[in-house]
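A.B. asks: Chains as they are written, first to last, in my numbering: chain A, 1 to 175; chain B, 1 to 246.
In short, the hints are calculated from the structure, not lab data.
Where hints are given, some of them may not hold.
Said to hold, decoys possible - From the structure, some residues in chain A lie toward chain B, with a derived Cβ separation under 8 Å: (1) PRO29; (2) LEU70; (3) MET134.
Unchecked claim - Listed next, the stretches of chain B that the computed footprint assigns to chain A, with coverage defined by at least 3 CB atoms under 8 Å from CB atoms of chain A: (4) 95 to 104; (5) 162 to 172.
For every residue, glycine included, the Cβ atom is placed at its ideal position computed from N, Cα and C.
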Amino acid sequence: MQDVLLALLAKEPSHGYELRARLQAALGPLGEPMNGGQVYVTLGRLERAGLITVEQATGQADRSDRKVYLLTPAGQQRVAAWLAETEWPRPAPVEFHLKLVAAAWAGLADPVGLIAVQRRELLRLVGDAQRAAMAEPAGSVAGLLLEGAVLRLQADLNWLDQCERHWSTRRGQGS
Amino acid sequence: MTQSPMVRARGLRLDYGAGASLVRAVDEVDLEVAAGETVAVVGPSGCGKSSLLHLLGGLERPSAGEVWLAGQRIDRLRETAMARLRNHAIGFVFQAFELIDELTAVENVELPALLGGVASRTARRRAVELLERLGLAQRAGHLSAQLSGGQRQRVAIARALIGDPQVLLADEPTGNLDSTATVEVLRVFDELRAAGQTVIVVSHDSRITATADRLVCMRDGAFVDETRLTGGGHRPNLGAMAGWEA
Numbered sequence: 001m002q003d004v005l006l007a008l009l010a011k012e013p014s015h016g017y018e019l020r021a022r023l024q025a026a027l028g029p030l031g032e033p034m035n036g037g038q039v040y041v042t043l044g045r046l047e048r049a050g051l052i053t054v055e056q057a058t059g060q061a062d063r064s065d066r067k068v069y070l071l072t073p074a075g076q077q078r079v080a081a082w083l084a085e086t087e088w089p090r091p092a093p094v095e096f097h098l099k100l101v102a103a104a105w106a107g108l109a110d111p112v113g114l115i116a117v118q119r120r121e122l123l124r125l126v127g128d129a130q131r132a133a134m135a136e137p138a139g140s141v142a143g144l145l146l147e148g149a150v151l152r153l154q155a156d157l158n159w160l161d162q163c164e165r166h167w168s169t170r171r172g173q174g175s
Numbered sequence: 001m002t003q004s005p006m007v008r009a010r011g012l013r014l015d016y017g018a019g020a021s022l023v024r025a026v027d028e029v030d031l032e033v034a035a036g037e038t039v040a041v042v043g044p045s046g047c048g049k050s051s052l053l054h055l056l057g058g059l060e061r062p063s064a065g066e067v068w069l070a071g072q073r074i075d076r077l078r079e080t081a082m083a084r085l086r087n088h089a090i091g092f093v094f095q096a097f098e099l100i101d102e103l104t105a106v107e108n109v110e111l112p113a114l115l116g117g118v119a120s121r122t123a124r125r126r127a128v129e130l131l132e133r134l135g136l137a138q139r140a141g142h143l144s145a146q147l148s149g150g151q152r153q154r155v156a157i158a159r160a161l162i163g164d165p166q167v168l169l170a171d172e173p174t175g176n177l178d179s180t181a182t183v184e185v186l187r188v189f190d191e192l193r194a195a196g197q198t199v200i201v202v203s204h205d206s207r208i209t210a211t212a213d214r215l216v217c218m219r220d221g222a223f224v225d226e227t228r229l230t231g232g233g234h235r236p237n238l239g240a241m242a243g244w245e246a
């Protein structure tokens with residue numbers, strides 16, 4: 001959240017509500033549960049970190065939506081660093097994998113049963129994301145994000161099929 | 001629910017071969033599909049899901065068991081009666097579209113109606129309406145070879161709907177399609193569901209199966225698991241995908 005707000009401010013100084021609207025448009029249904037105050041909390045942190053400064057618009061000086069946020073030179077550097085970064089979220093489902101290994105090793109639960117439950121959950125998520133994607137107008141940028149969610153979930157489902165093959169041939173062997 | 005199911009199978013079995021080489025492709029399957037419901041059948045290749053679809057659609061006769069459609073037992077119909085039923089009460093959609101390349105989109109769509117004895121003007125009007133409904137009005141005069149994969153499959157779906165079937169049976173309808181074309185077909189299925197069409201779809205594609213009302217898993221010819229995906233108080237939580245606190 002911090003990085004994207006800084007990047008949005010790199011073009012021009014903005015009000016908090018403008019930043020929020022841009023985020024909502026980019027995220028679509030995935031942004032709906034985002035707390036309305038979250039943007040302002042993050043802006044406060046960025047200000048304290050010296051990455052942005054705040055100018056009060058004249059007139060109704062004490063209303064937060066009259067504040068205009070500007071990027072500082074340190075904020076600009078951080079935006080450049082963010083763009084250059086290649087970090088990627090969670091490339092491997094490590095935790096679920098370890099859950100299956102531990103459950104089998106300790107005899108706590110049947111991995112194949114855990115996989116079936118997990119598959120059902122992921123299918124529900126695919127359905128939710130797919131329906132949300134179909135509800136987006138053609139060419140929607142938020143639809144692109146939902147497409148990403150669906151494709152990743154599909155990859156996870158394919159992997160669960162492999163997990164099932166692996167663990168169903170090792171039932172009770174604990175390895 | 002007191003309403004009788006649109007599709008019902010009882011103790012359905014399909015055997016190939018005999019003796020030591022007997023293969024039971026479908027093994028004691030019971031299934032009830034309510035009117036307006038979309039049911040997806042999933043399972044590994046060779047698990048019998050396509051065979052099941054063929055039995056439900058009267059393309060093959062069961063070795064044992066019963067198939068009912070809208071309250072009528074159909075597995076023992078004579079071949080001519082079965083052919084008539086397949087022509088107007090059951091719609092089929094296949095992975096490879098099975099369109100006739102030499103015909104235009106609208107000619108492909110109206111063909112089953114013409115074969116079923118519908119007047120040509122009526123058949124043409126219905127076919128044009130269906131193509132419009134599926135977003136293909138501009139493509140009605142194109143040969144099927146001139147259409148994209150997603151468009152061809154939509155033409156095939158329009159053809160399957162021309163007799164206003166009681167059930168639509170689809171076998172891997174997105175199996176030959178890329179991601180964009182898959183979404184085109186998904187939109188059509190979504191619209192059919194909203195319109196109350198009863199659909200049974202066999203698919204490997206989790207996009208298709210995840211948007212069904214109910215999911216049935218097959219292994220070695222038998223049903224092993226069933227999941228209801230819609231209703232039952234399920235509320236989408238898309239925020240969880242983005243990692244926001246709900």
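A.B. asks: Establish whether the coverage given for the stretch 95 to 104 of chain B by chain A is satisfied; the threshold is a Cβ-Cβ distance below 8 Å, and no fewer than three residues must meet it.
C.D. replies: Our answer is that it is violated, as 0 residues pass the Cβ test (under 8 Å) against chain A, missing three.
A.B. asks: Does the closest beta carbon of chain B sit nearer than 8 Å to the beta carbon of A/PRO29?
C.D. replies: With Cβ-Cβ at 5 Å, under 8 Å, it holds.
A.B. asks: Count the residues of the stretch 162 to 172 of chain B whose CB lies closer than 8 Å to any CB of chain A, then report whether that count reaches three.
C.D. replies: Coverage by chain A is violated for the stretch 162 to 172 of chain B (0 residues, Cβ < 8 Å).
A.B. asks: Was the hint right that A/MET134 lines chain B, CB cutoff 8 Å?
C.D. replies: 6 Å, holds
A.B. asks: Using the nearest Cβ pair, does A/LEU70 come within less than 8 Å of chain B?
C.D. replies: Since chain B brings no Cβ nearer than about 27 Å to A/LEU70, farther than 8 Å, the hint is violated.
When the structure is compared with the earlier hints, violations turn up for hints 2, 4, 5 and for no others.
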